[in-house]
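Work the whole structure out from these sequences, hints included.
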Amino acid sequence: MKLKIACLILYLVALPFCIFAKSDKETLPPVEDSWIDDKADGDRSLSSSPFLFKDATSVYVYSEKQLDNLSIGITDMQGNVYHYEVTTVPACMYYAISIETLPAGQYYLSIYQGSNYAIGIFSK
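In case it helps, this note's numbering puts the sequence shown at residues 60 to 183.
By construction, these hints were calculated from the structure, which means they are not laboratory data. Be careful, since some hints might not be right.
[What the hints assert, rightly or not] Pair ranges (Cβ atoms, derived):
(1) 117 to 139: 13 to 21 Å
(2) 125 to 163: 31 to 39 Å
(3) 141 to 176: 14 to 22 Å
(4) 136 to 176: 16 to 24 Å
(5) 116 to 173: 26 to 34 Å
(6) 125 to 164: 29 to 37 Å
(7) 176 to 137: 14 to 22 Å
(8) 114 to 143: 15 to 23 Å
(9) 163 to 108: 29 to 37 Å
(10) 163 to 128: 27 to 35 Å
(11) 117 to 138: 19 to 27 Å
(12) 155 to 176: 17 to 25 Å
(13) 125 to 162: 29 to 37 Å
Virtual Cβ for every residue (Gly too), placed ideally from N, Cα, C.
And the structure:
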(Lines of atoms letter the chains of each structure in order from A; the text may use other names.)
(Lines give C-alpha, C1' and ligand atoms only; values in the text may rest on other atoms or scores of the structure.)
Protein backbone atom coordinates (compact mmCIF):
# COMPACT_ATOMS: atom_id res chain seq x y z
CA MET A 60 0.00 0.00 0.00
CA LYS A 61 2.83 2.40 0.88
CA LEU A 62 4.47 1.67 -2.49
CA LYS A 63 1.26 2.53 -4.37
CA ILE A 64 0.92 5.79 -2.41
CA ALA A 65 4.56 6.68 -3.08
CA CYS A 66 4.14 5.93 -6.81
CA LEU A 67 0.97 8.04 -6.94
CA ILE A 68 2.73 10.99 -5.27
CA LEU A 69 5.69 10.68 -7.64
CA TYR A 70 3.32 10.50 -10.62
CA LEU A 71 1.38 13.60 -9.50
CA VAL A 72 4.61 15.54 -8.99
CA ALA A 73 6.12 14.44 -12.33
CA LEU A 74 2.93 14.72 -14.43
CA PRO A 75 3.07 18.52 -14.97
CA PHE A 76 6.65 18.20 -16.24
CA CYS A 77 5.69 15.35 -18.58
CA ILE A 78 2.74 17.30 -20.01
CA PHE A 79 4.80 20.47 -20.42
CA ALA A 80 7.56 18.60 -22.26
CA LYS A 81 5.08 17.23 -24.83
CA SER A 82 3.96 20.64 -26.06
CA ASP A 83 6.78 21.33 -28.57
CA LYS A 84 6.56 18.02 -30.45
CA GLU A 85 4.27 16.91 -33.25
CA THR A 86 2.34 13.69 -32.61
CA LEU A 87 2.85 11.11 -35.35
CA PRO A 88 -0.39 9.89 -36.93
CA PRO A 89 -0.90 6.22 -36.09
CA VAL A 90 -0.82 3.75 -38.94
CA GLU A 91 -1.42 0.74 -36.71
CA ASP A 92 -1.72 0.36 -32.96
CA SER A 93 -2.19 -2.84 -31.01
CA TRP A 94 -0.81 -1.88 -27.64
CA ILE A 95 -2.62 -3.60 -24.78
CA ASP A 96 -2.31 -1.99 -21.37
CA ASP A 97 -1.95 -4.56 -18.62
CA LYS A 98 -4.42 -3.32 -16.01
CA ALA A 99 -5.12 -6.63 -14.30
CA ASP A 100 -3.91 -5.22 -11.00
CA GLY A 101 -6.61 -2.50 -11.07
CA ASP A 102 -4.09 0.36 -11.34
CA ARG A 103 -5.53 2.62 -14.02
CA SER A 104 -3.49 5.76 -13.30
CA LEU A 105 -0.53 5.02 -15.61
CA SER A 106 -0.56 3.71 -19.14
CA SER A 107 2.15 1.62 -20.77
CA SER A 108 0.90 2.64 -24.22
CA PRO A 109 3.70 4.66 -25.82
CA PHE A 110 3.27 7.91 -27.73
CA LEU A 111 5.25 8.72 -30.87
CA PHE A 112 6.41 12.30 -31.55
CA LYS A 113 8.62 14.18 -34.01
CA ASP A 114 10.38 17.52 -34.23
CA ALA A 115 12.80 18.88 -36.85
CA THR A 116 15.77 16.72 -35.82
CA SER A 117 14.44 13.66 -33.99
CA VAL A 118 11.59 11.22 -33.49
CA TYR A 119 10.66 10.33 -29.93
CA VAL A 120 9.09 7.48 -28.01
CA TYR A 121 7.40 8.47 -24.75
CA SER A 122 5.65 6.36 -22.13
CA GLU A 123 4.31 6.93 -18.63
CA LYS A 124 5.72 3.51 -17.63
CA GLN A 125 9.18 2.12 -18.31
CA LEU A 126 9.28 -0.01 -21.47
CA ASP A 127 11.95 -2.73 -21.36
CA ASN A 128 13.18 -4.67 -24.41
CA LEU A 129 11.49 -2.26 -26.80
CA SER A 130 12.35 -2.78 -30.48
CA ILE A 131 12.45 0.50 -32.41
CA GLY A 132 12.78 0.68 -36.19
CA ILE A 133 12.68 3.34 -38.89
CA THR A 134 12.00 2.20 -42.46
CA ASP A 135 11.16 4.03 -45.67
CA MET A 136 8.08 3.31 -47.77
CA GLN A 137 10.03 0.72 -49.81
CA GLY A 138 10.98 -1.23 -46.68
CA ASN A 139 14.62 -0.11 -46.43
CA VAL A 140 15.74 -0.11 -42.79
CA TYR A 141 17.44 3.11 -41.65
CA HIS A 142 17.46 2.44 -37.91
CA TYR A 143 16.89 -0.57 -35.66
CA GLU A 144 17.63 -1.11 -31.97
CA VAL A 145 16.37 -2.87 -28.88
CA THR A 146 16.40 -0.60 -25.84
CA THR A 147 14.67 0.55 -22.64
CA VAL A 148 12.55 3.70 -22.61
CA PRO A 149 12.47 5.17 -19.08
CA ALA A 150 9.14 6.32 -17.61
CA CYS A 151 8.11 9.94 -18.34
CA MET A 152 11.17 10.58 -20.49
CA TYR A 153 11.50 11.01 -24.23
CA TYR A 154 13.69 8.48 -26.00
CA ALA A 155 15.12 10.34 -29.01
CA ILE A 156 16.26 8.90 -32.33
CA SER A 157 18.04 11.36 -34.63
CA ILE A 158 16.62 11.73 -38.13
CA GLU A 159 19.04 14.45 -39.27
CA THR A 160 20.89 12.16 -41.69
CA LEU A 161 17.78 10.64 -43.28
CA PRO A 162 17.10 11.67 -46.89
CA ALA A 163 13.89 13.59 -47.56
CA GLY A 164 10.87 11.30 -47.76
CA GLN A 165 8.24 9.45 -45.76
CA TYR A 166 9.12 6.90 -43.06
CA TYR A 167 7.52 4.46 -40.66
CA LEU A 168 8.50 4.52 -36.98
CA SER A 169 7.70 1.06 -35.58
CA ILE A 170 7.92 -0.03 -31.97
CA TYR A 171 7.38 -3.54 -30.63
CA GLN A 172 7.39 -5.07 -27.16
CA GLY A 173 6.34 -8.71 -27.15
CA SER A 174 2.96 -8.89 -28.91
CA ASN A 175 2.34 -5.15 -28.45
CA TYR A 176 3.17 -2.77 -31.27
CA ALA A 177 2.55 0.74 -32.57
CA ILE A 178 3.48 2.19 -35.95
CA GLY A 179 3.52 5.88 -36.89
CA ILE A 180 4.35 7.63 -40.14
CA PHE A 181 6.36 10.81 -40.57
CA SER A 182 7.90 12.97 -43.30
CA LYS A 183 11.32 14.52 -43.41
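Outcome of the hint check:
1. 117 to 139: 13 to 21 Å: Since the Cβ atoms of residue 117 and residue 139 sit about 20 Å apart, the hinted range of 13 to 21 Å holds.
2. 125 to 163: 31 to 39 Å: holds (34 Å)
3. 141 to 176: 14 to 22 Å: holds (18 Å)
4. 136 to 176: 16 to 24 Å: Holds, since residue 136 and residue 176 (Cβ atoms, about 18 Å apart) stay within the stated range.
5. 116 to 173: 26 to 34 Å: holds (30 Å)
6. 125 to 164: 29 to 37 Å: Cβ of residue 125 to Cβ of residue 164: about 32 Å, so the range 29 to 37 Å holds.
7. 176 to 137: 14 to 22 Å: holds (20 Å)
8. 114 to 143: 15 to 23 Å: holds (21 Å)
9. 163 to 108: 29 to 37 Å: Once the Cβ atoms are compared, 30 Å apart, the range 29 to 37 Å for residue 108 and residue 163 holds.
10. 163 to 128: 27 to 35 Å: holds (32 Å)
11. 117 to 138: 19 to 27 Å: holds (22 Å)
12. 155 to 176: 17 to 25 Å: holds (20 Å)
13. 125 to 162: 29 to 37 Å: Check passed, 33 Å falls within 29 to 37 Å.
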